[in-house]
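Asker: Could you put the whole structure together from the sequences, leaning on the hints where they help?
Position 49 (the sequence shown) corresponds to 49 in the numbering used here; numbering is contiguous.
For the record, the hints were derived by calculation from the structure and aren't laboratory data. The beta-carbon is built from N, C-alpha and C at its ideal position, and this holds for glycine as well. Be aware that one or more of the hints could be misleading.
What the hints assert, rightly or not - Computed cross-link-like contacts, SDA-like style, restricted to lysine to any residue with a CA-CA straight-line distance of at most 20 Å:
id	residue 1	residue 2
1	24	50
2	31	41
3	24	47
4	33	49
5	31	42
6	48	22
7	33	47
8	44	27
9	48	32
10	48	38
11	3	24
12	35	22
13	24	46
14	44	8
15	33	20
16	24	52
17	44	22
What the hints assert, rightly or not - Estimated spans, in silico, between C-beta atoms of each pair:
id	residue 1	residue 2	range
18	36	2	36 to 42 Å
19	44	24	25 to 31 Å
20	47	17	23 to 29 Å
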Amino acid sequence: MKKLTATIGLLLVLTACAPAVGSKEWCESMKEKPKGDWTAEEAKDFAKHCVF
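Answerer: Here is the structure:
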């Protein structure tokens, strides 16, 4: 049970560090990331939130 709680806690901490999709920080982060490393979903979100 302790292992499960620790795993859930770690996941919450790691996901809390990522900027929200569409935020200014997320757009800047995506601009710095090589375009070849983008997923199709990231490319769609970037076009939707950062370009248009």
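Asker: All the hints need checking, so say for each whether the structure fits it.
Answerer: Taking the hints in turn, this is what the structure says about them:
At roughly 8 Å between alpha-carbon atoms, residue 24 and residue 50 fall within 20 Å of each other, so this suggested pair holds. Of the pairs offered as hints, the one joining residue 31 and residue 41 holds, with about 15 Å between alpha carbons and a cut-off of 20 Å not exceeded. Straight-line distance between C-alpha atoms of residue 24 and residue 47 comes to about 13 Å, which keeps the hinted pair within the 20 Å bound. Of the supplied pair hints, the one linking residue 33 and residue 49 holds, its CA atoms being roughly 16 Å apart against a limit of 20 Å.
Proximity of residue 31 to residue 42 is assessed by CA-CA distance (about 11 Å); at most 20 Å being required, the pair is judged to hold. With a C-alpha separation of about 8 Å, the suggested pair residue 48 and residue 22 falls inside the 20 Å cut-off, and the hint holds. Restraint check for residue 33 and residue 47: satisfied, since their Cα atoms lie roughly 14 Å apart, inside the 20 Å limit. Taking the CA atoms of residue 44 and residue 27, the gap is about 12 Å. The hint holds against a cut of 20 Å.
A distance of roughly 17 Å separates the Cα atoms of residue 48 and residue 32; the hinted pair therefore holds under the 20 Å criterion. The straight-line distance between the Cα atoms of residue 48 and residue 38 is roughly 14 Å, inside the 20 Å bound, and the hint therefore holds. Between residue 3 and residue 24 the CA atoms are separated by roughly 36 Å; this puts the pair beyond 20 Å, and the hint is violated. Restraint check for residue 35 and residue 22: satisfied, since their Cα atoms lie roughly 17 Å apart, inside the 20 Å limit.
With a CA separation close to 11 Å, the supplied pair residue 24 and residue 46 stays within the 20 Å bound. A C-alpha spacing of about 29 Å is found between residue 44 and residue 8, which places the hinted pair above 20 Å, so the restraint is violated. Distance restraint check for residue 33 and residue 20: the Cα-Cα separation of roughly 16 Å lies within the 20 Å cut-off, and the hinted pair is therefore satisfied. For the suggested pair residue 24 and residue 52, the alpha carbons sit about 13 Å apart, so the restraint of at most 20 Å is met.
At most 20 Å may separate the alpha-carbon atoms for a hinted pair to count; residue 44 and residue 22 meet this at roughly 11 Å. For residue 36 paired with residue 2, a C-beta distance near 40 Å keeps the hint of 36 to 42 Å intact. Between residue 44 and residue 24 the CB atoms are about 18 Å apart, so this pair departs from the stated range of 25 to 31 Å. Separated by about 24 Å at the C-beta atoms, residue 47 and residue 17 satisfy the suggested range of 23 to 29 Å.
Hint check: violations occur at hints 11, 14, 19; the rest are consistent with the structure.
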